[in-house]
Amino acid sequence: MARFRGWIQAGAVLFTNLHLPNFIKGGIYQGKGKNVCVPGLNCYSCPAASGACPIGAFQAVAGSSKFRFSYYISGFLILLGVLLGRLICGFLCPFGWFQELLHRIPTRKLSTKKLRPLTYLKYVILLAMVVLLPAIAVNDVGMGDPFFCKYLCPQGVLEGAIPLALVNSGIRAALGKLFTWKLCILLAVTALSILFYRPFCKWLCPLGAFYALFNKVSLLRMKVDANACISCGKCARACGMDVDVTKTPDHAECIRCGKCVLACPTGAVHFRYGFGDGSETKGTITAETNMEESN
Amino acid sequence: MKRKKFTASVLIALMVLTLAACGAKEESSAADTGQGGIEEAVTEYKELMDQENEILSENTGLWDKVFLAMDKDLAVQEESNNYGDLLLKTIENARDQFTDEELALLQEEAGKIRDLENQMAALEKEYPEVAEKSMEGSTSAAADEAMSTASGDESTQKFPSFEGKDLDGNEVKSDDLFSGNAVTVVNFWFTTCGPCVGELSELDALDKELAGKGGALIGINAFTLDGDETAISDAKDVLEKKNAGYQNVYFASDSEAGTFTMGIYAFPTTYVVDRSGNIVGDPIVGAVTEKSQAETLNKLVEQTLAADKN
Numbered sequence: 066m067a068r069f070r071g072w073i074q075a076g077a078v079l080f081t082n083l084h085l086p087n088f089i090k091g092g093i094y095q096g097k098g099k100n101v102c103v104p105g106l107n108c109y110s111c112p113a114a115s116g117a118c119p120i121g122a123f124q125a126v127a128g129s130s131k132f133r134f135s136y137y138i139s140g141f142l143i144l145l146g147v148l149l150g151r152l153i154c155g156f157l158c159p160f161g162w163f164q165e166l167l168h169r170i171p172t173r174k175l176s177t178k179k180l181r182p183l184t185y186l187k188y189v190i191l192l193a194m195v196v197l198l199p200a201i202a203v204n205d206v207g208m209g210d211p212f213f214c215k216y217l218c219p220q221g222v223l224e225g226a227i228p229l230a231l232v233n234s235g236i237r238a239a240l241g242k243l244f245t246w247k248l249c250i251l252l253a254v255t256a257l258s259i260l261f262y263r264p265f266c267k268w269l270c271p272l273g274a275f276y277a278l279f280n281k282v283s284l285l286r287m288k289v290d291a292n293a294c295i296s297c298g299k300c301a302r303a304c305g306m307d308v309d310v311t312k313t314p315d316h317a318e319c320i321r322c323g324k325c326v327l328a329c330p331t332g333a334v335h336f337r338y339g340f341g342d343g344s345e346t347k348g349t350i351t352a353e354t355n356m357e358e359s360n
Numbered sequence: 212m213k214r215k216k217f218t219a220s221v222l223i224a225l226m227v228l229t230l231a232a233c234g235a236k237e238e239s240s241a242a243d244t245g246q247g248g249i250e251e252a253v254t255e256y257k258e259l260m261d262q263e264n265e266i267l268s269e270n271t272g273l274w275d276k277v278f279l280a281m282d283k284d285l286a287v288q289e290e291s292n293n294y295g296d297l298l299l300k301t302i303e304n305a306r307d308q309f310t311d312e313e314l315a316l317l318q319e320e321a322g323k324i325r326d327l328e329n330q331m332a333a334l335e336k337e338y339p340e341v342a343e344k345s346m347e348g349s350t351s352a353a354a355d356e357a358m359s360t361a362s363g364d365e366s367t368q369k370f371p372s373f374e375g376k377d378l379d380g381n382e383v384k385s386d387d388l389f390s391g392n393a394v395t396v397v398n399f400w401f402t403t404c405g406p407c408v409g410e411l412s413e414l415d416a417l418d419k420e421l422a423g424k425g426g427a428l429i430g431i432n433a434f435t436l437d438g439d440e441t442a443i444s445d446a447k448d449v450l451e452k453k454n455a456g457y458q459n460v461y462f463a464s465d466s467e468a469g470t471f472t473m474g475i476y477a478f479p480t481t482y483v484v485d486r487s488g489n490i491v492g493d494p495i496v497g498a499v500t501e502k503s504q505a506e507t508l509n510k511l512v513e514q515t516l517a518a519d520k521n
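First to last, the sequence lines map onto chains A and B.
Just so we're aligned, residue 66 is where the first sequence starts under this note's numbering, counting upward by one.
Just so we're aligned, residue 212 is where the second sequence starts under this note's numbering, counting upward by one.
If you are wondering where the hints come from, they were derived from the structure by calculation, not from laboratory data.
All figures in this text were calculated on a predicted structure; none of them were measured in a lab.
Dumping the calculated BS3-like pairs for lysine-lysine here, alpha-carbon to alpha-carbon at most 27 Å:
(1) K215(A) - K452(B)
(2) K242(A) - K276(B)
(3) K453(B) - K215(A)
(4) K242(A) - K453(B)
(5) K242(A) - K510(B)
(6) K369(B) - K90(A)
Ranges between beta-carbon positions, derived for each pair:
(7) S444(B) - L85(A): 34 to 42 Å
(8) G76(A) - N270(B): 48 to 56 Å
(9) G438(B) - G96(A): 20 to 28 Å
(10) R169(A) - T441(B): 50 to 58 Å
Reference excerpt, derived from the structure (chain A facing chain B, CB under 8 Å, subset only):
(11) I93
(12) D205
(13) V206
(14) I236
(15) A238
(16) A239
C-beta atoms are modelled at their ideal positions from N, C-alpha and C, and glycine is treated no differently.
Use the sequences and the hints to build the structure in full.
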C-alpha cells in the first residue's frame, strides 16, 4: 500500500475536488455534497471542492448563534480517527500532499528533530482557534468568527482565495489585509515545506492534531515484529515525522505513510488493522487474525 | 489561466459587439416608422452621449475622485440640467485634491462635457422623445460593455425581476420597487454570516440617507427564500437586534431571482440597481464596513443618482 501512496494521494485530492470546471467558471459547488465533510484539510471554498472541510464546518457550527459545539462533526472525526487515525494525513489530505510535492524540490533538507516542542502548537491551535474562540468570542448577536479559517489557514488561500480571485473581479476587489496576511503564511509554509518535511502538519494543523489523539486507539496501527527486527535503525532514519517506529509505533506524530515499512530490510514493520492492543505481536510471529496490509 | 481569461474576454467583447449591432438595427427600423428627422436626431444624440462617456472613461482615477467629492445636495439643487456644470462646480469645490495639471485637464474635459450636454439639450428641445429613444438601444450595450471590460464574468445586466414579499408579508414587485426609486441598493446576506450581520446597522444608515434622495435599500436573506417561517423569524430577530429597519424581501427559490440568489457564493454581496432595473457596475463583494467596499458603493450610488437626473 505504501508503495502506491503517491497515486492514492493524487486520487484523494481529485476525489475531494471533483468539480474541476469551476476553476474556469469561477463559482463554487454548492450542492448536497457540501453537507458532508471530506477527511482531509480541503477548503469548502475551493471552486472544485466536492465536500466541506471538517475544520471549517466545525468552526461554522461553533460560531453560529444557535450552537456552541458541533457534535455531528466531532462524531464524524472521532469515527475517522478510530478507523484510520493519521493515515488520513499520510494518504488522503490534499494539503499534506501539497507539502510533500514541494519537499521533492531538490535542495538541502533540514531536520525538524530539534523543533519537536513546536509539535504541541497544533493542539493549542485546535483548542483555541477551532473549539474555544469561535464559541466564546462572539458579537452582540451571539456569532463568533471562524478563527482558524479567518486568521491562519493557508489552504483557504491556496484553494479558495487565489483561484476565485483569478476569475472573479468582485472577489479580487474584496481582497484585503487578511488575504495579505494569510498569503504570507502560505508563502512561508511553501518555503518551509521545501526545506522541512510537512511543517504545517507537524506544527500547525488542527485536523492533524485531532487525528493524532486517536493514533493510539485507532484500528489502523503500526506493528513491529520484535523477532524479525534487527535494530538497524533504518526505519527511524526513513521517517519524515521524527518517529522511531520500533520504540513508539503508535506515536501521535506518525502519519502512517509506511516509509518505515518500505525501509525495513527484514519486513518486520507492518500495517495492522483491527482490534487488540498489539501486545500479542511480541509473542506470536504471524498468527494474527488481523487483516494485514503488507504491500 | 491567463490565456483562457484573455480568450474569454475577447469572446465576450465579440458577443457584446454583435449584440450592439443588433440593437442598432432594431433601433433604426423602429425609427423608420416615425418621421425621418427624429432618426437622425437619435443617432446624433447617441453620438454625443458616446463622446461624453468616452471622456468619462478616460482618466477614470481622476473622475472617481470627482464623483467621491460630489456634493449630493448640489446635485439635487443644481438648476441647470447640465451635467458638465455640475462636474465643473464639483471640481472647483474639490480643487485642493488635485494638482494644477490634473485640475486643468479635468476642467477642460468637463467643459467639453458641458458643450456636449448643451448640444444634447438643443436636440431634446426639438425632439422631446429623443433622449428616451436613444437610451433604449444604447444603455444595455453600454452596460454590457462595462461588464466585459471590468471582468470576464457572465453577469446579466438586468437585475432579475421578482414578485415576492417582505418579511412582514407585504407584497413586493421588483418593477415597482426599481421604477419608484432613482437608485436601489440590493444587499444579499444570510442570518449566520458574521460579516453580513456586522454591516446591517451601516446598511440601515445608508437606507435612511438614500430615502432623502429618492433611493432605497433592500435586503435579500438567502435563508428566507420560499418564505421559510423559522428562517424569517430568525432573520427578523437579527435585524431587530441590529436596529435595521429597512425592507427585507424574499421570493420563490425557483424563480429567476431565486436562481440568481442561489448562484451567489460570496456573502455579503451588494448590487446597485437603477430606475430601469439595470445593474450598475460590478457587484460589491464583502461588507461595506470595509473602506474600499464603502467607497465603491458610494461611487456607484452617486453615479446612478446623477445618471437618473439626466
